[in-house]
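Chemist: Just need the whole structure built from these sequences, with the hints factored in.
For reference, the chains in residue letters:
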Amino acid sequence: MTLSLTRLSQTLLLAGLLLQVSPVEAQPKGADPYAYLTASALAKIAPLPETAAIRPTGRTREFTLDVRPGSWEPVKGVKASAITINGTVPGPLIRVAEGDRVVVTVKNNLEESTSIHWHGLHVPNAMDGVDGLTQEAIKPAQTFRYEFLASHAGTFMYHSHSHARAIEQIDAGLYGMLVIDPQNSRGHLKSDRELLMMLSAWNITEDGGHAGMAGGHGGGAGGMQYNYFTINGRAYPDAAEWAVKQGDVVRIRIANVSNLVHPMHLHGHDFVVLAKDGEPLKTPQTMNTVNVAPGETYDIAFIANNPGAWMFHCHELHHTMNGSTQPGGLIQVIRYEGSAAVPAAPKAAPAPAKPSSGAGHGSGH
Amino acid sequence: MTLSLTRLSQTLLLAGLLLQVSPVEAQPKGADPYAYLTASALAKIAPLPETAAIRPTGRTREFTLDVRPGSWEPVKGVKASAITINGTVPGPLIRVAEGDRVVVTVKNNLEESTSIHWHGLHVPNAMDGVDGLTQEAIKPAQTFRYEFLASHAGTFMYHSHSHARAIEQIDAGLYGMLVIDPQNSRGHLKSDRELLMMLSAWNITEDGGHAGMAGGHGGGAGGMQYNYFTINGRAYPDAAEWAVKQGDVVRIRIANVSNLVHPMHLHGHDFVVLAKDGEPLKTPQTMNTVNVAPGETYDIAFIANNPGAWMFHCHELHHTMNGSTQPGGLIQVIRYEGSAAVPAAPKAAPAPAKPSSGAGHGSGH
Amino acid sequence: MTLSLTRLSQTLLLAGLLLQVSPVEAQPKGADPYAYLTASALAKIAPLPETAAIRPTGRTREFTLDVRPGSWEPVKGVKASAITINGTVPGPLIRVAEGDRVVVTVKNNLEESTSIHWHGLHVPNAMDGVDGLTQEAIKPAQTFRYEFLASHAGTFMYHSHSHARAIEQIDAGLYGMLVIDPQNSRGHLKSDRELLMMLSAWNITEDGGHAGMAGGHGGGAGGMQYNYFTINGRAYPDAAEWAVKQGDVVRIRIANVSNLVHPMHLHGHDFVVLAKDGEPLKTPQTMNTVNVAPGETYDIAFIANNPGAWMFHCHELHHTMNGSTQPGGLIQVIRYEGSAAVPAAPKAAPAPAKPSSGAGHGSGH
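So the protein lines, in turn, are chains A, B and C.
The opening position of the first sequence corresponds to residue 79 in our numbering, with each subsequent residue numbered one higher.
The opening position of the second sequence corresponds to residue 79 in our numbering, with each subsequent residue numbered one higher.
The opening position of the third sequence corresponds to residue 79 in our numbering, with each subsequent residue numbered one higher.
One thing to keep in mind: the hints can contain errors.
It does not matter which identical chain is used: a pair holds within one copy or between any two.
Mimicking DSS-like on lysine-lysine, the simulated pairs with C-alpha atoms at most 27 Å apart in a straight line are [claimed, not checked]:
#1 Lys268 to Lys360
#2 Lys360 to Lys122
#3 Lys154 to Lys122
#4 Lys323 to Lys268
Since the hints were derived computationally from the structure, they do not count as laboratory data.
As the structure is a prediction and not an experimental result, all values here were calculated from the model.
Modeler: Next comes the structure, spelled out in structure tokens:
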């Protein structure tokens, strides 16, 4: 590492970019080699606009969701009984535009009743999917047709809202993401990459079964027995890495369908929060950790100006485990194209034979 | 449902409001039949003003709180030993105006000591109610007189701040809401309805007793054994439904005295967050889920422009249970006047004899 | 108390400051005796500026962190095995300025591997400290030299990012705070006091040992078995009280390295949130409770305009315990200079022999 950086430094020196070189500054950063030190570029990202008056587009978008028992492997070697939609967990992304007529045919191939709620959307009451309040349950072998106009642009979800089994069905995988694009993209963020991140939790028993309900209420520990945690259905290290390129503006759409709070922390960069629950922040806020509560969605963006392989992970570190093994769970690796596939291996000098006393060296204490 | 909507559509057609009708658009929405699709009207709600210099009004408001052991039924059939204030859980709402002299006489009819903290208010130190720091405990059979000027307008709480028994006393019901109105209402939101929502949690043992302390620390699960969850003392379905009228501006004051985070999610609408902990947001934020942490209060508002019966509930779904039964707990039903009392029952076509393969239909995946 | 306030009232009367005196108003508040009733002064605090382009200062700041097994006493009488840095938990504060070259030599005197992550900083990838992704582990008896330019000003942390033992190492004490000062202090808050508050949690077994990992995953309760909670390594009542003076602008830097959410609630005052994760809020928000999630930092400020001894504590009240004893844990006492060391003891009149019925007295219910 020391070696390669020295070579790079020499190159940069020759290019006249730097008068003083060292391992620290010697990174190719474009015009301003120190731009990565601040998040000031993020402050210039405009708030997302909102469509004041949505009108029907006249376009109809049809989807079919086949809900049925299946199995799912959140991480290799761990198989759980699950509820799949069209064979996967999460179910397929539903992506439409404001004002589109959306028709979703739900086929209930479970052995229990269900219903689907369009989380965050403004739909007519009878289409809200709350079994027992806004509709009768979709019984086993029944089909239900949801139909509504897509409301405001943003990041949303759909998930079970079964009367008496919503927790179990969501714990088992009955959910997906739903994105609505604006009718008019003027003034909206132009991102180079857009990435989706659906966060969920599992309670998997030792025999590979799916525990009825995490938490064990009536004397239990309220949903705190979840032991697997997934991003788009997969736990680290099986969640696919995300590739970005130097200079990219990267937008991430996060949705938390689990019953746990996930403070998602990005390494090496700050990001700006552009929207919460599909609604633009009038003054987007820059941070490195966004605390995503159950039922919340966030749209965030960062600028890829610090090359390497970086973690974006939940800082409730028990959610970065697979069962009793760490690391696992809610860790997303973001890798710049061209970054080494293996960790840099800086040389570690051996410690002195007799370690110094506990007294610290340094100032400002 | 299909039938009645068809009739409605015909009416609208005759009225010339719509060229194309369908179950989706055919809702009477006033001038703009699609207004419900956006939250753009919320963006026009002005931030709440703040009184820069509060002056005594010269008015004195007196209250008596009789604190004593009792029992409480958070939901029919589940009776728990409790601490009541004037016979109820929560205790009575205390509502005053900025600058009012507030006198609260607390009569301790418990068999243990207590004290009352005015959560969020700026009171003189000796009136802060922290047993062991700002006052001596109010012993059994003693009476204590709290006296202070009401500080800034907003949504607040009062609750036990006993030295060594605050958790148990709050878990048992020793709390209430406290609202301070502005001295001058100019510039303040004019709402058509104002609703209160105090969130709390219970740990009820099987014999109907009230467990000493949820959590079982010293080897336990930190407050995670709560098994009943109430809005103003009642769990779903026993929490009274809220009635609203088409066009209403509805203000909700939320206070969380429990030891759990409650991400409260509204269906069918967005709301705007106007204040947190009684302090106005300079740029009110629109969302559909507000994550209410222990000790926080929020003032939110929504516009009733999407008729029906809607849920406003905690999205930590274990908090929507009564013991081991769902649905229950923190579910508030908001029903528009004139909406059917029973759920709409759309027809569900039987599934085809042979369900299609798992392959999804649709686009944008 | 009644007596001394009466004397004070007389003094104020003589000074012609008040026409009517009573225990409520009789506090020396400076020009406006009612200023403490509002937080309007906080609204005038300017947002923190951000350095748009950080340049190397040419200054190098060196620190040595000696990481080794030890023991720690979060509260008197409770000794836990721990990992100390330079002999303490948390490790030493690292405080530098934007653009300083920071060199930290980490000596691993543990019997297991480790690595150190600079949480919130923008460092070159190879310096990010993620064992297994950005560097090889620092093995026992090895020394590793971290070197980077200090990025943007703010409140940050450093902590273990061990590949498979991060949870255990952080639970045991392998962390510290890191503050970066701006290159140019123009426009930055001028505070009279600046206080640090690092929040962490412990899982201490009865034999004084340090449990391997709180939570007991693989069938456990996800990190919810923490039983001690510390501010800068000490639990109430052993956390040192903070002294402030009437009129002080007090800045508090909060960092949460625990795996639990801590809604920190201040009594008697509101505060303004100036920054989150080191990034300024463009519109600072006033509140009395800030919900600090794992991995988050906050910079807050309050104005000391309400004399006395006040609590600033976590409102998840199970975090204000030491084992099974309350009060304890995350309670910070803030005491104005000149305030009595012992609680004021207002007289409590005995309750009437026959307590009144449960009927409340008061209005606005």
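Chemist: If a hint holds in the structure, say so; if it does not, say that too.
Modeler: For each hint, the structure was consulted:
| no. | hint | result |
| --- | --- | --- |
| 1 | Lys268 to Lys360 | both (18 Å within a copy, 23 Å between copies) |
| 2 | Lys360 to Lys122 | both (13 Å within a copy, 12 Å between copies) |
| 3 | Lys154 to Lys122 | neither (42 Å within a copy, 50 Å between copies) |
| 4 | Lys323 to Lys268 | within (15 Å within a copy, 41 Å between copies) |
Consistency with the previously given hints fails for number 3 only.
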